[in-house]
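**Student:** Heads up: the sequence lines are chains X and W, in that order.
Numbered according to our numbering, the first sequence spans residues 1 to 337.
Numbered according to our numbering, the second sequence spans residues 1001 to 1429.
Bear in mind the hints are in silico, worked out from the structure with no lab data behind them.
Check before you lean on any hint, since a few could be wrong.
Which residues of chain X face chain W? A few of them, derived with a C-beta cut under 8 Å, are [said to hold, decoys possible]:
1) I68
2) G96
3) D104
4) E208
5) L210
6) V227
7) Y251
8) A252
9) Y271
SDA-like mimics (lysine to any residue), calculated; alpha carbons at most 20 Å apart, straight line [claimed, not checked]:
10) W:K1005 - X:D142
11) W:K1264 - X:E291
12) W:K1005 - X:E163
13) W:K1087 - W:R1143
14) X:K206 - W:T1006
15) X:K206 - W:P1367
16) W:K1005 - X:C53
17) W:K1005 - X:D185
18) W:K1062 - W:T1006
19) W:K1220 - X:S244
20) X:K206 - X:N238
21) W:K1220 - X:K216
22) X:K216 - X:D185
23) X:K206 - W:I1007
24) W:K1062 - W:K1234
25) X:K206 - W:L1011
26) W:K1203 - X:L247
27) W:K1005 - X:H120
28) W:K1264 - X:T289
29) W:K1005 - X:D97
30) X:K206 - X:E163
31) W:K1062 - W:K1203
32) W:K1005 - X:Q46
33) W:K1220 - X:E291
34) X:K206 - W:G1009
35) W:K1220 - X:T274
36) W:K1062 - W:V1236
37) W:K1005 - X:G164
38) X:K116 - W:P1367
All residues carry an ideal CB built from backbone N, CA and C; glycine is no exception.
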Amino acid sequence: ISKSMQIPGSLRMMMTVKAFRTPARHGYAVETSPFVPRRLACAASQYYGIAGCGTLLVLDETETGISIVRSWEWGDGLFDVAWSETNEHVLVAGGGDGSLQLWDTANHNAPLRVAKEHTHEVYAVDWSQTRGENLVVSGSWDHTAKVWDPSLSKSLTTLRGHEGVIYSTIWSPHIPGCFASASGDGTLRVWDVKSAVCRLAVPAHKAEILSCDWCKYDQNVLVTGSVDCSVCVWDLRNIRQPVSRLLGHTYAIRRVKFSPFSKTVLASCSYDFTVRFWDYSRNQPLLDTVEHHSEFVCGLDFNLHIPNQVTHTHTHTHTHTLLILTTLSLSFSLPGI
Amino acid sequence: MQRVKTILGHLSPSYTCENTFEPRRDLSGGECGAAAAAGPEDIVVVHGLRTAIGKAKRGSFKDTTPDEMLSAVMAAVLRDVGLSPNKLGDVCVGNVLQPGAGALMARVAHFLSGFPDAVPVYTVNRQCSSGLQALFNIAGAIRTGSIDMGLACGVESMSLRSIGSPGDVSSRLMDNEKARDCIIPMGITSENVAERFGVSREKQDAFAFNSQQKASRAQKMGLFDQEIVPVTTKFVDDEGKERVVTVTRDDGIRPGTTLAGLSKLRPAFKPDGSTTAGNSSQVSDGAAAVLVGRRSAVEACGLPVLGVLRGSAVVGVPPDVMGIGPAYAIPAALELAGLTVADIDVFEINEAFASQAVYCVEKLGIPMEKVNPNGGAIALGHPLGCTGARQVVTLLNELKRRGKRAYGVVSMCIGTGMGAAAVFEYPGP
């Protein structure tokens, strides 16, 4: 399927859809490989992650579709996945049994290591990206976040403060030893790992916050997505009110991600079956709504590899049947150029 | 299981509004208004079930007679709670389109369900409220002391019967304005409501879109599974082959419906109108049954209490804008219950047309997120005689799922100009 859309202004959008089906699994998270263009990892679960098993998939996008590189089964649902920033074969996943698993694409059977310290579901994992640092952070429904060395031998520190389940933990791409977390307690928090303290707690929404992400171009800017259907952009220097409140989704926002290519562009996906693209610097911030889904959209990522083009991939879920990956490219061109 | 609760919390209807946030309100005993205490004379609902709803003439039940659908739910309700049909004082069935409201059909269904001949059955026709009227009738018989327990049902096959001849009416109806208005087609009454009260096409389409979204979400989450009785029946396929199928899912829900798609539909009833096939209820087949009893009798049989009938009302409105019925029936029922709109957690208001549903919701100041949280007749369908009983089943299951003591309302408009409403209390787990 391919269609192109004309967007007012300088943004042109081409969309191609490629589908990958796996029976009885619901995609929960997808991450593009930082090393291999067009390679992605997908964490998936049975029955919307409510019960049953999980599957971790490594997939390659080909000219004609999507092919499977590796898949591993896990005894409980898998909710998030992150690629290693130092080894192209290694990834970490978080599961409903409270475990983090370290997987190696060269190893067909078992994970390299399973670390079980969280007492409830692990809903978020992230691998740090700042230079000279190699750490994993996990966020759990036991209300804690844990920071790990890359071998997951033992957690280095446990961060407590959230009064609700943690849905999202993301390393700052700029500040070493700093990550943000989003929680069911309605706060966005920023943590300093070295001192093991919460530096900032932002009462960002009056409802559960399911996702957060850092701007890649401004170390003070973050985005949150909430059950209250709004996406809010925050500047940590003034947290009394959001820089922008983006409205349009009609159900809870499952995941938000900033573009790696543009300072003010971001994407959000929702239980309302849509993915929306926003530029919060514009008067009309909604760039586009992708509505070809018939299911909750849970996972979302931009592709880092193709210059002057943004590729994002999201999984979406379907009762009993399929996991679909969609690739969408945005190409920016300035008027007159 | 905690995980289910957390994930379902993301879909809490408190938040599924158009970008407004209303904090979740915990209904504790103190703020429930003038709540009546549990008394032995209370009219209580023990259990209720429905069939899946099929699209008329094309859907799952297109070749199924109404007695088959009806007997499936009648038998299943008693089977589920382990009650012998001998305990039933009466059975009342709402039906609209069968000759004589299906008096014969209902007795056939009764015997097909394995009910003994000593138990009586009758039918009632108050058009779209017939399924709820059946419950009112059983409740009334309990209240007068004639019976202790009864089964209130509703059934319609719109595949096998259409809204046809108006019957024998005097030609003098043309001399009387109100009488004349009774033969206005329902679609035109919807246009009248939209015009007279300024309900825009956009509002109607948005309401219809939300109904489809909510219903498809509910279906995907499996929320209807616990209220639907699988029905094994025959189905003649496109090639004329008869097959045996087991029907478990509503087939009218359209997850792919978009606002843009709805906005392109032509008006169905008049060229410059705003009522379309997309923002009206669907023509459907289905059945539902609800076991009702006096609390003392129910408890003596060791049966559970799923809901308590706290108030009920039927009121008349002008026939040419019959859709406004709920706007008058709901306050009347709430007053009897000693409650206000703010005390109610969930409203099941029949979506005969988006125009009239939107009008009633706005007129009463009901927050939209409290209305039909799992979709309504626009998505699920409107098997006329079944609908009222179906709404009671859907409402009480939704309140039960929310897991705390709460109130809900069932209401609908009625052709020829009426509205009916009932207030139920879910007593908590």
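**Student:** Does each hint fit the structure? Answer for all of them.
**Tutor:** Consistency of the hints with the structure:
no. : hint              : result
1   : I68               : 25 Å, violated
2   : G96               : 7 Å, holds
3   : D104              : 29 Å, violated
4   : E208              : 7 Å, holds
5   : L210              : 7 Å, holds
6   : V227              : 5 Å, holds
7   : Y251              : 6 Å, holds
8   : A252              : 4 Å, holds
9   : Y271              : 6 Å, holds
10  : W:K1005 - X:D142  : 15 Å, holds
11  : W:K1264 - X:E291  : 17 Å, holds
12  : W:K1005 - X:E163  : 17 Å, holds
13  : W:K1087 - W:R1143 : 17 Å, holds
14  : X:K206 - W:T1006  : 16 Å, holds
15  : X:K206 - W:P1367  : 18 Å, holds
16  : W:K1005 - X:C53   : 18 Å, holds
17  : W:K1005 - X:D185  : 15 Å, holds
18  : W:K1062 - W:T1006 : 40 Å, violated
19  : W:K1220 - X:S244  : 33 Å, violated
20  : X:K206 - X:N238   : 18 Å, holds
21  : W:K1220 - X:K216  : 36 Å, violated
22  : X:K216 - X:D185   : 26 Å, violated
23  : X:K206 - W:I1007  : 17 Å, holds
24  : W:K1062 - W:K1234 : 9 Å, holds
25  : X:K206 - W:L1011  : 15 Å, holds
26  : W:K1203 - X:L247  : 18 Å, holds
27  : W:K1005 - X:H120  : 14 Å, holds
28  : W:K1264 - X:T289  : 19 Å, holds
29  : W:K1005 - X:D97   : 17 Å, holds
30  : X:K206 - X:E163   : 14 Å, holds
31  : W:K1062 - W:K1203 : 32 Å, violated
32  : W:K1005 - X:Q46   : 16 Å, holds
33  : W:K1220 - X:E291  : 18 Å, holds
34  : X:K206 - W:G1009  : 14 Å, holds
35  : W:K1220 - X:T274  : 16 Å, holds
36  : W:K1062 - W:V1236 : 8 Å, holds
37  : W:K1005 - X:G164  : 14 Å, holds
38  : X:K116 - W:P1367  : 45 Å, violated
Violation of the numbered hints given earlier is confined to hints 1, 3, 18, 19, 21, 22, 31, 38; the remaining hints are satisfied by the structure.
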